[in-house]
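Here are the chains, one letter per residue:
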Amino acid sequence: QKEVEQDPGPLSVPEGAIVSLNCTYSNSAFQYFMWYRQYSRKGPELLMYTYSSGNKEDGRFTAQVDKSSKYISLFIRDSQPSDSATYLCAMSARGAQKLVFGQGTRLTINP
Amino acid sequence: DTGVSQDPRHKITKRGQNVTFRCDPISEHNRLYWYRQTLGQGPEFLTYFQNEAQLEKSRLLSDRFSAERPKGSFSTLEIQRTEQGDSAMYLCASSLELAGARGQFFGPGTRLTVL
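Protein chains in written order, with the numbering used here: chain A, 123 to 233; chain B, 2 to 116.
If we strip away everything but chain A, and leave its shape as in the complex, we get (with noise of 0.2 Å):
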């Protein structure tokens, strides 16, 4: 079993829906929890960062943790074209330095 466990989709939604996105992992010691977008053939680009649990927002972007469930989300609001793009939940413990990224999901917004 994987450590982090995200639905591959794809997933297409109509432009303007709200998008929810979400990630399970085993590992309690993930204490930094992030979504990286990447775009086809060019290298991850971060986009949200959270501490341990709670909510963050960042314009149409909220991310939220849930550590007692061991659950992150993404939430896109008024979802745009240009979101189309694979979305990669990644983590990691206090004091490492490596990313664990669940598998990624292909996400697509149509016009």
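Calculated from the structure, these hints are not laboratory results.
You may find that some hints are simply not true.
In silico lysine to aspartate or glutamate, DMTMM-like type, Cα no more than 25 Å apart, as pairs [to be verified]:
#1 A:Lys-178 <-> A:Glu-127
#2 A:Lys-164 <-> B:Asp-87
#3 A:Lys-164 <-> B:Glu-69
#4 A:Lys-164 <-> B:Asp-8
#5 A:Lys-192 <-> B:Glu-45
#6 B:Lys-58 <-> A:Glu-137
#7 A:Lys-124 <-> B:Asp-25
#8 B:Lys-12 <-> A:Glu-167
#9 B:Lys-58 <-> A:Glu-167
#10 A:Lys-124 <-> B:Glu-45
#11 A:Lys-189 <-> B:Glu-45
#12 A:Lys-164 <-> B:Glu-45
#13 B:Lys-15 <-> B:Glu-53
#14 A:Lys-124 <-> A:Asp-180
#15 A:Lys-178 <-> A:Glu-137
#16 B:Lys-58 <-> B:Glu-45
#17 A:Lys-192 <-> A:Glu-127
#18 A:Lys-192 <-> A:Glu-167
#19 A:Lys-178 <-> B:Asp-87
#20 A:Lys-124 <-> B:Glu-69
#21 A:Lys-178 <-> B:Glu-98
#22 B:Lys-15 <-> B:Glu-29
#23 B:Lys-12 <-> B:Glu-98
#24 B:Lys-58 <-> A:Glu-125
#25 A:Lys-164 <-> B:Glu-29
Model the placement of chain B on the given structure of chain A, informed by the hints.
Frame of chain A, contents of chain B only:
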């Protein structure tokens, strides 16, 4: 462009050949990381450097793989005797020491195809 750069962007090689990739981190970043990403999967950690010291290596980094960062600036990743299973995107990232794992900025990657 002050981001992480990688060279080459694409490499096609025959099985058994050696290949070398280069990564230039963001100039003030003293930590440098290598990841491998296969099709449809998330990146997997390979190794990281703090300045010129290689501080952690994944068990994914077999004896055929070697990474260096001789002067604490750019890094190279060499794969000897390539195998078809080595075909992947090789990603480099860099960060400031204080930012740690959460402050990693990724380069565009080098896509390796082994025929």
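Hint by hint, here is what the structure shows:
For the hint pairing Lys-178 of chain A with Glu-127 of chain A, the CA-to-CA distance comes to about 21 Å; that is within 25 Å, so the pair holds. For a cut-off of 25 Å, the pair hint linking Lys-164 of chain A to Asp-87 of chain B stands: about 19 Å separates their Cα positions. The straight-line distance between the Cα atoms of Lys-164 of chain A and Glu-69 of chain B is roughly 24 Å, inside the 25 Å bound, and the hint therefore holds. Using a Cα cut-off of 25 Å, the hinted pair Lys-164 of chain A and Asp-8 of chain B holds, with the two alpha carbons roughly 13 Å apart.
Distance restraint check for Lys-192 of chain A and Glu-45 of chain B: the Cα-Cα separation of roughly 20 Å lies within the 25 Å cut-off, and the hinted pair is therefore satisfied. For the given pair, Lys-58 of chain B sits about 43 Å from Glu-137 of chain A by alpha-carbon distance, which is inconsistent with the 25 Å threshold. Between Lys-124 of chain A and Asp-25 of chain B, the direct Cα distance comes to roughly 31 Å. Violation of the 25 Å bound is thereby established for this hinted pair. For the suggested pair Lys-12 of chain B and Glu-167 of chain A, the alpha carbons sit about 23 Å apart, so the restraint of at most 25 Å is met.
With a CA separation close to 23 Å, the supplied pair Lys-58 of chain B and Glu-167 of chain A stays within the 25 Å bound. With a C-alpha separation of about 12 Å, the suggested pairing of Lys-124 of chain A with Glu-45 of chain B holds against the 25 Å cut-off. Restraint check for Lys-189 of chain A and Glu-45 of chain B: the C-alpha separation of about 23 Å stays at or below 25 Å, so the hint holds. Restraint check for Lys-164 of chain A and Glu-45 of chain B: satisfied, since their Cα atoms lie roughly 16 Å apart, inside the 25 Å limit.
Simply put, Lys-15 of chain B and Glu-53 of chain B have alpha-carbon atoms about 31 Å apart, too far for the 25 Å limit, and the pair is violated. This hinted pair does not check out: Lys-124 of chain A and Asp-180 of chain A have alpha carbons roughly 29 Å apart, beyond 25 Å. Between Lys-178 of chain A and Glu-137 of chain A the CA atoms are separated by roughly 23 Å; this keeps the pair inside 25 Å, and the hint holds. A threshold of 25 Å between alpha carbons decides the hint, and for Lys-58 of chain B with Glu-45 of chain B the separation of about 12 Å falls inside it, so the pair holds.
With a C-alpha separation of about 11 Å, the suggested pairing of Lys-192 of chain A with Glu-127 of chain A holds against the 25 Å cut-off. A C-alpha spacing of about 23 Å is found between Lys-192 of chain A and Glu-167 of chain A, which places the hinted pair at or below 25 Å, so the restraint holds. For the proposed pair Lys-178 of chain A and Asp-87 of chain B, the alpha carbon gap of about 38 Å is over 25 Å, so the pair is violated. For the hint linking Lys-124 of chain A to Glu-69 of chain B, the alpha-carbon distance of about 29 Å lies beyond 25 Å, and the restraint is violated.
For a cut-off of 25 Å, the pair hint linking Lys-178 of chain A to Glu-98 of chain B stands: about 24 Å separates their Cα positions. This hinted pair does not check out: Lys-15 of chain B and Glu-29 of chain B have alpha carbons roughly 36 Å apart, beyond 25 Å. For the hint pairing Lys-12 of chain B with Glu-98 of chain B, the CA-to-CA distance comes to about 31 Å; that exceeds 25 Å, so the pair is violated. For the given pair, Lys-58 of chain B sits about 18 Å from Glu-125 of chain A by alpha-carbon distance, which is consistent with the 25 Å threshold.
Straight-line distance between C-alpha atoms of Lys-164 of chain A and Glu-29 of chain B comes to about 23 Å, which keeps the hinted pair within the 25 Å bound.
The earlier numbered hints that this structure contradicts are 6, 7, 13, 14, 19, 20, 22 and 23.
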